[in-house]
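*Asks:* Protein chains in written order, with my numbering: chain Y, 1 to 326; chain P, 327 to 635; chain W, 636 to 985.
In case anyone wonders, no lab produced these hints; they're calculated from the structure.
For each residue, glycine too, the CB sits at the ideal point set by N, CA and C.
Worth double-checking, as some hints may not be accurate.
If the Cβ cut is set under 10 Å, some of the chain W residues that face chain P in the computed set are [to be verified]: (1) G652; (2) I654; (3) N703; (4) N706; (5) G707; (6) L708; (7) A961; (8) V983.
Result set (DSSO-like, lysine-lysine): computed pairs, CA atoms no more than 27 Å apart in a straight line [said to hold, decoys possible]: (9) K768(W) x K751(W); (10) K524(P) x K459(P); (11) K815(W) x K751(W); (12) K235(Y) x K751(W); (13) K805(W) x K768(W); (14) K129(Y) x K805(W); (15) K520(P) x K45(Y); (16) K728(W) x K235(Y); (17) K132(Y) x K235(Y); (18) K129(Y) x K728(W); (19) K399(P) x K45(Y); (20) K399(P) x K459(P); (21) K45(Y) x K459(P); (22) K651(W) x K129(Y); (23) K849(W) x K805(W).
Covered stretches of chain Y (chain P as the covering partner; in silico rule of three or more C-beta atoms under 8 Å from a C-beta of chain P) [to be verified]: (24) 117-127; (25) 160-166; (26) 186-199.
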Amino acid sequence: MTPADRADGVGTAPPANVTRNPELTPRTRHQPKRKLADNESVLAKLFLLPTVIGIIGLVAFPFVLAILFSFSDVTTGNPSLDFVGLRQWRAILDSRVFWTALRNTIVFTVVSMALIVVIAHILATVLVKDFKGKWLVRFCVLLPWTTPVALAAVSWLWLLNSIFSPIDWVLRWFGLIETNLYYLGRPVLAMGSIIAVHVWRIVPVATVIIMAGHMAIPGEINDAAEIDGAGFWRKLREITIPLTLPISAVAVLFGAILTFADMTVVFILTRGGPTQATQVLSSWAFFKGIEGGDLAQGAAVALFLFPLLLAAAILILRAVRRSEVI
Amino acid sequence: MARAQNGKSFSGGRIDVTNQAEVERIRRQRRRRTRGGRIALYTIAIIAGLIAAGPFIWSAITSFKVDPDLYTKANNPFIYNLPPTLEHWRFLLADTQFLTFAWNTFWVGFLVVSITLFVGLPAAYALARLEMKWSGPLGIAIFFVYLIPPTLLFIPMTRVVGNFGLLNNTWSLVLIYPTITIPVSIWLLTGFLKGIPKDVEEQALVDGYSRLSAFVRVVIPLAFPGIVAVIVFAFTLTAHEFIYALSFLSSTTEKTISIGVPTELIRGDVFFWQSLQAAVVFVALPIALVFNLLLGRFIAGFTMGAVKG
Amino acid sequence: MAHVVEVRGLKKHFEKGDIRAVDGVDIATREGEYLVLLGPSGCGKTTLLRMIAGLEEPTEGEILIGGNVVNGLPPRARGIAMVFQSYALYPHKTVLDNITFPLKTTIEDRAERREKAGWAADLLGIGGLLDRKPRHLSGGERQRVALARALVRDPSVFLLDEPLSNLDAKLRTSARDELKQFQERLGTTTIYVTHDQVEAMGLGDRIAVILNGKVRQIGPPREVYSHPADTFVATFIGSPPMNLIDRGDHLLGFRPENCLPIEAMGSNGDNLLEVDMQVHRIEYLSGDRHVYATISGLGPDDAHVITRIPATVDVAVAEDRTQRFAVHEKDLRFFDGDTGALTDSRPVRT
């Protein structure tokens with residue numbers, strides 16, 4: 001094969017000794033300069049340029065700005081960036097609310113994710129099978145995900161209302177409780193409520209992702225396991241779960257980020273109460289920074305999210321890589 | 327074989343097929359297990375459906391309740407103790423800015439999704455197909471951007487938006503939301519594109535198309551499930567977003583559903599509960615219907631993207 | 636003689652009878668035999684195999700293993716072992732774990748399991764690969780692991796679903812040979828599914844030719860080859876396929892190698908059918924000559940035929956020339972014009 005025959009030599013002339021069949025001649029018969037639309041290096045740069053500009057301008061720059069803020073005394077009244085050293089950081093680390101918020105952020109995420117993983121796996125196992133009314137169950141299970149978080153949280157605000165909660169009504173009706181539970185009024189119950197709402201809204205996403213993982217396992221492997229004598233539980237333990245581990249990890253990562261970085265649920269349900277018991281880093285940053293006007297401290301509090309997220313991401317990605325089987 | 331013969335529950339291994347009594351026992355056990363499995367399956371499915379949809383069913387019922395019915399502790403929250411009314415729906419649609427919120431959310435979503443695809447698809451293609459030395463590190467960098475959530479950047483971002491003169495303007499969302507949607511979309515699309523075999527593209531190149539042409543005419547149609555996944559995901563992220571909208575927007579007419587409903591339908595201590603629930607139902611149902619239609623495609627796109635990415 | 640596997644009146648229908656994957660099959664295997672289920676894609680052979688395995692339940696009919704009805708029993712209770720087309724090795728487990736997996740239900744002692752797995756691995760020549768994962772194995776090695784995993788179950792019957800189709804062509808022939816030797820050594824009854832008639836002819840003690848869910852013929856390779864029960868079997872088996880000439884109300888058939896130039900046919904002229912063939916093209920394949928020609932006069936239309944002249948026959952044949960060929964009467968086959976079934980001889984001279 002001469003160089004002229006190479007597939008990427010579009011537009012080059014065929015060798016002289018080949019009789020030209022007019023039907024087979026490519027559109028470009030002569031040798032033009034390589035067009036811009038072919039120059040892969042330029043194309044690659046062009047395709048990625050908007051993204052890179054966007055990231056630098058609207059992510060990297062604000063990120064740096066946040067760091068600068070945290071070392072300044074910027075407020076909504078005083079917008080100038082005057083350097084004040086570690087003053088803001090010390091103030092944060094000295095405040096009790098910060099440590100509560102840090103603890104809550106981690107606890108809410110870990111507990112939520114643990115529950116979500118278990119529930120989502122169970123649901124995924126159920127939803128991949130065929131049964132009557134499957135579409136209806138699927139529709140229902142997807143609902144929590146389709147609604148904006150804020151709206152769903154508003155619904156839950158009433159469902160957990162200290163006087164009128166329908167949940168309490170049902171519990172009273174069954175005779176399980178006498179007086180209402182103050183879901184949002186007592187610290188422990190409030191934390192549990194926040195976790196419950198997070199679990200409720202993220203299970204759909206996680207289930208869909210894990211379902212995809214289930215369906216990616218070749219049918220013949222399940223057949224072989226059946227023939228080899230593995231019953232339901234053994235198949236689940238030794239085949240299904242190990243093989244869906246990479247994608248479960250992805251689901252966990254998504255879910256963790258969604259929970260960790262969320263302030264909406266706390267904002268709407270408890271505003272961080274009762275007495276800061278359910279405050280998380282992101283909600284506290286909002287109250288301090290936007291509502292309170294202390295931009296510097298707000299930015300500093302928010303920055304604490306980054307190392308935690310980074311650590312979580314690295315851990316999960318490493319777990320995925322290690323369990324790569326294909 | 328001893329395991330089966332001593333009458334213990336059969337879990338595996340050969341049995342003596344000539345022993346008819348044994349065979350019959352296994353058959354019955356299997357039927358019982360299958361039936362038990364089915365019962366468990368339906369139970370879980372029903373419970374899951376109820377817990378997931380319960381709040382929405384309740385929302386729908388409540389949106390038609392009159393005040394005295396709702397604000398009575400002893401009343402059954404799931405039935406109409408007093409006749410239902412359309413007043414709250416009317417109030418929501420006519421006397422509040424709800425429809426403005428809905429319209430804002432919609433056109434912002436549309437634009438953001440369009441920008442996401444317009445910027446993200448070529449970027450994903452470049453990373454998946456046009457292998458450059460810096461492709462790998464750049465891909466990782468883009469992914470890590472996803473780890474910088476809005477709740478981290480919202481304070482400096484408010485200032486950036488102010489610098490653009492877009493504070494208290496819905497257009498600020500069109501500018502900023504892509505920073506949330508594009509990294510994830512690139513991640514999904516890159517994985518998805520890598521899963522598409524190269525033959526069809528290479529065929530196009532041989533047939534005389536340029537790289538750019540091949541991308542537009544061949545790759546984009548093939549990537550359809552992935553694109554659907556991105557559209558669904560990006561629109562969801564946009565409609566759900568709360569903190570940026572809350573930080574940038576203060577005027578009622580500029581707000582989106584996500585912040586408009588909680589802030590405008592709660593005037594001080596007065597909650598217009600029934601209208602709030604009507605808003606929830608109004609928003610949830612259409613989105614859920616669309617989701618269900620696209621679920622198949624979405625899973626296809628997401629699996630390839632997430633696993634190979 | 637005990638039938639190891641028997642199916643009676645087996646049917647599998649889908650979509651309320653619209654799709655008949657298996658439509659009434661009766662087969663009885665013999666002890667230790669290598670039975671091949673042969674047929675084109677979609678003919679129902681795999682569905683049949685899966686029903687025997689217990690992965691699918693039949694709509695009608697009975698499956699018997701060792702003389703006992705096993706309908707309703709899960710696969711693991713039937714004493715069968717199966718090798719899939721993709722081998723279905725557990726990708727996250729080592730070769731050793733793959734092989735010991737089925738033993739976990741019957742043998743409690745880990746050392747004993749390992750010993751048995753080692754025995755199976757050695758038998759198949761993969762003793763050195765026990766610590767590897769499937770993705771680090773070649774196609775041939777993976778196939779052997781699948782066989783070892785099947786072997787350790789001490790099954791009364793092996794079920795194989797096109798296990799050679801994922802190997803490259805060169806490997807396939809040697810793998811075929813090894814497989815046959817392996818089975819003969821063990822003496823276990825084997826049911827083997829394939830669409831490749833060369834494989835079927837090479838491996839089977841008996842071949843069951845299947846089309847549209849029904850068995851068209853079952854018999855030893857020789858019999859299926861030389862006395863096909865109908866036109867489908869006649870053209871499906873043999874490469875090039877049997878030549879069929881339409882003669883109005885019936886079809887006349889003969890195998891390519893039975894039609895030679897008249898000079899090579901010997902002198903018993905009275906039992907020969909002589910035909911003039913217009914030769915179009917000659918292919919030289921592995922020493923034989925494949926002659927593509929047309930015969931006029933045997934039927935209402937011209938018939939395109941292929942004949943195969945072995946290397947041992949020296950007679951010259953030239954393209955674009957008409958030449959006289961002949962077929963022995965005993966090699967002629969007749970098929971009914973409507974049903975395609977094999978019929979008695981008809982007169983051939985015009």
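*Asks:* Are the hints correct? Go through all of them and say.
*Replies:* The hints, checked one at a time:
1. G652: 24 Å, violated
2. I654: 23 Å, violated
3. N703: 5 Å, holds
4. N706: This hint holds: N706(W) lies near chain P, its Cβ roughly 8 Å from the closest one there, short of 10 Å.
5. G707: At about 4 Å, which falls below the 10 Å cut-off, the nearest Cβ of chain P leaves the hint on G707(W) intact, so it holds.
6. L708: 6 Å, holds
7. A961: 50 Å, violated
8. V983: 52 Å, violated
9. K768(W) x K751(W): At roughly 19 Å apart (the allowed maximum being 27 Å), K751(W) and K768(W) satisfy the hint.
10. K524(P) x K459(P): 20 Å, holds
11. K815(W) x K751(W): Holds, at about 22 Å.
12. K235(Y) x K751(W): Within the cut-off at roughly 22 Å; holds.
13. K805(W) x K768(W): Measuring from Cα to Cα gives roughly 24 Å; hence the hint holds.
14. K129(Y) x K805(W): 41 Å, violated
15. K520(P) x K45(Y): Given pair K520(P), K45(Y) holds - Cα atoms ~19 Å apart, limit 27 Å.
16. K728(W) x K235(Y): It holds: about 13 Å lies between the C-alpha atoms, which stays within 27 Å.
17. K132(Y) x K235(Y): 24 Å, holds
18. K129(Y) x K728(W): 26 Å, holds
19. K399(P) x K45(Y): Distance ~64 Å between K399(P) and K45(Y) Cα, so the pair is violated.
20. K399(P) x K459(P): Judged against 27 Å, a Cα distance of about 67 Å means the pair is violated.
21. K45(Y) x K459(P): Within the cut-off at roughly 12 Å; holds.
22. K651(W) x K129(Y): 20 Å, holds
23. K849(W) x K805(W): 32 Å, violated
24. 117-127: holds (count 4)
25. 160-166: With 3 residues in contact (Cβ-Cβ under 8 Å with chain P), the coverage given for the stretch 160-166 of chain Y holds.
26. 186-199: Three-residue rule not met by the stretch 186-199 of chain Y, so violated; n is 0.
Hints 1, 2, 7, 8, 14, 19, 20, 23, 26 from the earlier list are contradicted by this structure; the remaining hints agree with it.
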